[in-house]
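Novice: Assemble the dimeric complex from its two separately framed chains, guided by the hints.
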Amino acid sequence: MIQDLLAPAVLIGIASSGIRLATPYLYATIGETFGQLSGVLNLGVEGIMLMGAYSGFYVTFKTGNPVLGLLAAIVVGGLMGLGMAIISVTFQAEQGISGIGVYLFGLGMSDLLFQKSLGTVETVSGFQPVEIPFLSQIPVLGQIFFRHNLLVYAAFLLVPVAWFVINKTTWGLKIQAVGQNPAAADALGVSVSAVRYATVTLGGVLSGIAGASLSIGLLNVFQQNLTSGMGFIAVALVYFGGWSPVGVLLGSLLFSLVNALQNWVQVLGIPIPSDFAVMMPYVLTILALVFAVRKVTQPAALTKPFERGEG
Amino acid sequence: MRKTYLVLATLLLAGMLLAACGGAATPAPAEEAKPFRVAVVMPSAINDLAFSQSMYDALSAIQAEKGEENFQFAYSDGLFVVDDAAAAIRDYASQGYDLVIAHGSQYGSSLVEIAPDFPETSFAWGTTVDTFADQGVTNVFAYEARSEQGGYVNGVMAAKLSESGIIGVVGPIETGDAKLYVEGFKAGVAATDPQAEVRVNWIGSFSDVALASEAAQTHINAGADVLTGTAQMVTGAIGVAKERGVLWFGTQSDQTSLSPEIVVANQVYHWEVVLNQMIDLIESGTLGGQAFAIDLANGGEVITYNPDFDLPAEVRSLAEDTVKGIADGSITITLP
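If you're matching them up, the sequences are chains A and B in order. Heads up: the first sequence begins at 1 in the working numbering, then just goes up one per residue. Heads up: the second sequence begins at 1 in the working numbering, then just goes up one per residue.
These are calculated hints, taken from the structure and not from any lab test. Built from N, CA and C at the ideal position, the CB exists for glycine as well. There's no promise every hint is true.
[To be verified] Derived, one-sided and incomplete: chain B residues facing chain A with beta-carbon distance under 8 angstroms:
no.: 1; residue: E174
no.: 2; residue: A222
no.: 3; residue: L258
[Said to hold, decoys possible] Computed footprint of chain A on chain B, listed as stretches where at least three residues anywhere in the stretch have a Cβ under 8 angstroms from a Cβ of chain A:
no.: 4; stretch: 37-51
no.: 5; stretch: 194-202
The shape of chain B in the complex, shown without the other chains (with noise of 0.2 angstroms):
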């Protein structure tokens, strides 16, 4: 029974490898034949208008683009606790992807342990710079989004905008593009109107609707007239800003359609040029080691303006000037 296994466990080894020579012999119709396999773990839901969705709308714009015989995608979201994260990413790289990506900088720790066991497996995390590459691990790549500049533009019309000159800004934990993006923005609000004062609550939670949504009522109550927020937990802070009729501006993902009325305009993210480069590499068999970053001179950062709100030109035009400024690097943005 043993040497009948040992047999087909050879033919089979055989086959695989007649195969593979076949395939670099005539390479052109088997390698089109093949469809690239990315899968993708993430902290959130995949329609939580912010980081996740992101990721997935991305993912979707490349699958659109490509057609599906040529790129699928697999993804597990909700996955807030580190250890179920890892274990999805270790399943996807034993499965065979030829791109697994990690999307959040706190499965770093675990991703610098499994993809070593994988070395024909291309993984990519964010938002970070570092690959690993000191660490000695050749197949991970970093992705960023520079999410200060769209921060600066969201900055500039707010300024313009508030009336009051107090403008309350509702993050989650001081880290990643969080941080950037409300630094970005207090230097936008500081270039166009120094006397207006950007106030600044932590909530100490990425997921705390509830607290997001008082931090946004405290905001108010204080005096501001315009808010700003980012990551997943700032739709309870929309609904207070619909609620009390304050106007609010989106990062990460358009959020327009959560309240047409008072959303002014979003930066969102288009990961989608990173990780088609990332792509080409893949194929041309580069695993890893390098670091890309979304910006708004890429294209990986667009900035919405919301159809139904009635943006005053001269803010419209300041605020595509500013685009433009900080695409070119006429203007530069300084952070603290």
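Only chain A is shown next, with the shape it has when bound in the complex (with noise of 0.2 angstroms):
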């Protein structure tokens, strides 16, 4: 039984299923990294996904075309980090209060423009997977890697884009002097609360395609709660993550990967009880995150707001 989980074609099927799993968390854990390291804690993640994929659900179904559909999950995630910003940056409120408070909106508001427009669940046609030319047919690699959506390819790149930006562009350099130490920055000149905005807005972009990379991508569905608790757990993947792309798609990758593993164990029959299997990626990730990661302190400034002249 355990030895069927090493056959060729199962290992391929969990890489491939871990893959497509990580693809909602790596668009919303890199987002948040951003604000993060700026010094914004947004805990509304997940309500900015559930819009995300409502908008991006209801435009693919009246107009049939997916991408005006993530275009419009970009607007919506965008105008929704917007107000994140306005809420933690101008009106310097509670972050993590105000982060519940923007859960909260986005949970109810999908659930009652769905409700209102749709009435019950239905399908689209998302975005297809698409088998990239002569990859595809690379033994092996081609099935894990290049038979997906083109959501999952644009996750995966973004991952050394954002590792670009934030380490080696003057902006990215901006970011993180406004989130380790905001009153510096500004005596030289950068403007925290511009840094702020841009961060905490881009993050709401990325959050609202993570959402629809569920709605027109993976699953091609809407319904209430459609991330039941995707957004949070991209949270905790930040701080597993140490605040790095590259560190936050280890994390996406080891939490998707082990829950495609225990889906194998399951559908293969090997005697574990589901209860047991269920749980494997959340305690695999605290273990991980106990015992395995480095020392990585978090941005000094994070869910502090600033105020000029003051510390």
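Specialist: So this is what it looks like as structure tokens:
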């Protein structure tokens, strides 16, 4: 039984399934990484994902064009991110509480709009898997990596792009400066508010895409509370990943691969109680967090609003 | 000032008592003018194509039959947080509804505390067989779905239609009517094609659509060509079945509309069968203490066939014979 798990087809299946499951987490965690690096904790990711998932689905349902759906998710996600920035940067509200507010708004609003506009669960034809010519024909690797939909490829391409932006561009250095020591950054002429507005709005855009990657990418349905807690796991994965795009990639992949593994464990009939199997991704992620993760300190100004002339 | 209130209160009380006496003396017109009022609290949305929708559809059917002037209902849906549901149950009870339904087995521990506070109100909860009679509660009805029966029928058809001999099941948590459905389904497959293999994946959640979808992908990658599943998160699995072109059997509500290409048949719950029995009992003064079940025999469970799916006549008649056999007792389902 256990040795069935080592059959090539099963290993390929686990890897390919893990990559699909990691996609929404990648968008959401990278977006949240930008915000947190600049000092803003946005706990509303889940709510923004729900609104992105709904708006992407609705526009695709009405127009039949998933690209327009994706644009809608980007706009709605960006607006919600902007809202969070207004609350946390301009009004300096307590970030944990206002993030929960954004979550509850997204949860309720997406459900209300869904009930009023669609009324029942529908399906759409979203982004279809695209086999990349030549690459998808490579044995094993082709099956694992190159037979997904466009949003999956884009999520993985986002990792090196985010790494480059954060570590190799002036804007990235400004983000880090604002998150570590906003007073010093301000003294050097960096606008703390402008940087934080930009990162939190970008986080909203990416959370919106994360939701759309579910509703018009992987699932092609929308229903109440579609994300069921993924946004909160994403926030946890940002801590897990030590505020680095590569770190959140590893965290997202670990969590998703173990989830894919437990799916196969059950399907192959390996006699492990299902309750234990579904616990595995969470337990392993916590264990990895406790024992394996090197000491990374969080951005010094995380959750602290900046007021010129103070501290 | 206080005296005025006292007088007013006494007058009102007296008025109420007199009105009550008057009602008793001439029962017919007063009773008819007052509609029977039901309130229901549900864990997911009324349009979830599954558990909650089955109750909403049943109440709508009763209202259509009895007329809006005789039967009214209110609902709160999406109450997956049990505390919120408990507050809603208490609110409805204090508003004087004739019957308050807690539609979810997770609400039981709250209900057993609330029901004794409202001895004049009748409560119902499911799916369960426990009316709390052993704890001295007298105003709670219990209802359940013998979902293994429709599961068995679906299993018989699935075994006939599967070419690979591998059938996948996407379940939520191994409990309640989901557990019964899956066990009945397995029994139906085993009785029809002992060689066929049923693989069950419990995803550990009633709401995680993404994981349900990935569980379906995994089943298909492992060779399954027929899928089934239960609870409201299976919409994700149906989406995958449609995309990959494998067959689907539904339960709880009719899921054909979601994917007419690949849905073969559904077991649909008709709670109105047991709700009508409860309403009759309440109107004759019994507020609880009995457990009800919907099944194929009493019409509370109905197998619907997708008219757009080209089901071979032989399979269709086998399914119909199976329904008859279960209803008249000639087929018995042995659960593990």
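Novice: Run every hint past the structure and note whether it holds.
Specialist: Against the structure, the hints come out as follows:
The interface hint given for E174 (chain B) holds, since its Cβ lies 6 angstroms from the closest Cβ of chain A, which is under the 8 angstroms cut-off. Evaluation of the A222 (chain B) hint against chain A yields a held restraint, the C-beta minimum of about 5 angstroms falling below 8 angstroms. Because the smallest distance between the Cβ of L258 (chain B) and any Cβ of chain A comes to about 6 angstroms, under 8 angstroms, the interface hint for this residue holds. Beta-carbon proximity to chain A at under 8 angstroms applies to 5 residues in the stretch 37-51 of chain B; the threshold of 3 is reached and the given coverage holds.
Residues of the stretch 194-202 of chain B with a Cβ under 8 angstroms from some Cβ of chain A number 4, which satisfies the need for three, so the listed coverage holds.
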